Amino acid sequence: MSQISVTRATLLKDLRMEWRSKDAINSMLFFSLLVVVIFSFAFNPTAEESRQIAGGLIWVAFLFAAVVALNQTWARELRNQVLDAYRVSPAPPNALFLAKVLGNFLFVVILEALMAPLFVVFYQLRSVGPVWQLVVVALLGTWALVVNGTFFAALSIRTRSREIMLPLILFPISIPALLAMVDSTTTILTGDGTPGFWLKMLVVYDVVFTLVCLLLFETVLNAE
Amino acid sequence: MTESGQSSDRPVIVLQNLVKFFGRFAALRDITDSFAAGRLYVVVGDNGAGKSTLLRVVAGLMQPSQGSVTLLGSQNVRDVAHRIGYMGHAPLLYDELDGMENLRYFAGLYGLSDDSVCRDAMRQVGLDPELERRVGQYSQGMRQRLSLARAVLHNPELILLDEPFSNVDVHSARDMATVLGRVRDQGKTIFVVTHQAPLMEPVADEFVRMAAGQIVARESMKRSATVIGVATGGAR
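Chains A and B, in that order, are what the protein sequence lines are. In this text, residue positions in the first sequence follow our numbering: the first is 21, and each later residue adds one. In this text, residue positions in the second sequence follow our numbering: the first is 3, and each later residue adds one.
Extracted from the complex, chain A is given alone in its bound form (with noise of 0.2 Å):
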């Protein structure tokens, strides 16, 4: 079985699964809309105001939104003991670890995109710079996300407070790309200069960590 094959049948797995429990998108909606919402009220910032502050809200709400999915990526593998059937497959361990990334990576990037117009009429925003730009930052950042967040979610599967865990181990590694890509949205909605070293820093981030990620993954499954 080719290493493609696995990973589209357990990602296809992954899809019909959620479609019909919709367990992570209707968790990760709620946290979002909740942040967006109060935020909103809390500071009621003006156009300009909310250019400043809209690249870090916006990514720490996707950052936080983000964790509750990657909690429930493994949990599904681990009722039933489900995990254990991969493993003693000949199925390659990296095609289990790609098709989580990619289900992440399409769950966050729909919250995005569902999210995304209420940031601009609660924020009144209105980019200055190129909105394209803005995409590229959407998607380089969610697969530093995702990517990280479905590593250490496998990492903390076995402990005892794995929810508690992800956080700890994820948002300190994650803070260079969290930097990245605030630091490029704010760029891009005030206009102020190119998010160019920004955007290079997060595709050399995306990069290295997938990587390493696929290189460890195997030892990580395999943990007693």
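Rather than coming from a laboratory, the hints here were simulated on the basis of the structure. All values derive from a computational prediction rather than experimental measurement.
Label pairs and their in silico Cβ distance ranges: (1) A:Leu35 - B:Arg125: 27 to 33 Å; (2) A:Glu69 - B:Gln139: 51 to 57 Å; (3) B:Gln68 - A:Val224: 41 to 47 Å; (4) A:Glu68 - B:Gln139: 51 to 57 Å; (5) A:Ile193 - B:Asp48: 42 to 48 Å.
If you want the footprint, here are the derived chain A segments under chain B, 3+ residues with CB under 8 Å: (6) 31–41; (7) 93–102; (8) 105–113.
The C-beta atom is built at its ideal place from N, Cα and C for all residues, glycine as well.
Given chain A, work out where chain B should sit, using these hints.
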């Protein structure tokens, strides 16, 4: 063995000075033994004797603290993973999917894309492939049957089963034992860890008794043909 149903002396499993520690507790203590192909072994013993640990170490789900396991001639279980079937104490199935969806996914992990393989596996354990009910709504007996179907759908040479009859009624358990006997008759080697040894007596070739992390006795059984009521028709 062989398709004729006769066992051979070629060892399928060779355990060499096998030791497994959990912290300071030795769950397996210096086990050296070998098991021939084409036989149905029933592993019995009290709780904590090391039966499930032995099975998990053999399946490659746990690494031994010392010693080695040679499976089907290889010390690397991943090299022979496609020739091994494992059924755990838990069902190892997704509750959110129906029976066929589960089997299709697991068949894909073994490179099998033909739906008929999954249908045959379901029928073999007495389940109806057309049943669209999700596994979460299955009875315990149906889950165990489906779990057995998952373990054997890729036609493995070595089948490792951990408590396949737990929470299963006597009638279903007898049906499952019969299925196991038939699978052994097709030339497979089967290891069954169970507390319900009498259920396996009609089909077992050998009882392996464990105590305190060691194999303390092996008792061969004289068996005739695999009999008792065969599971027929789909369970609904």
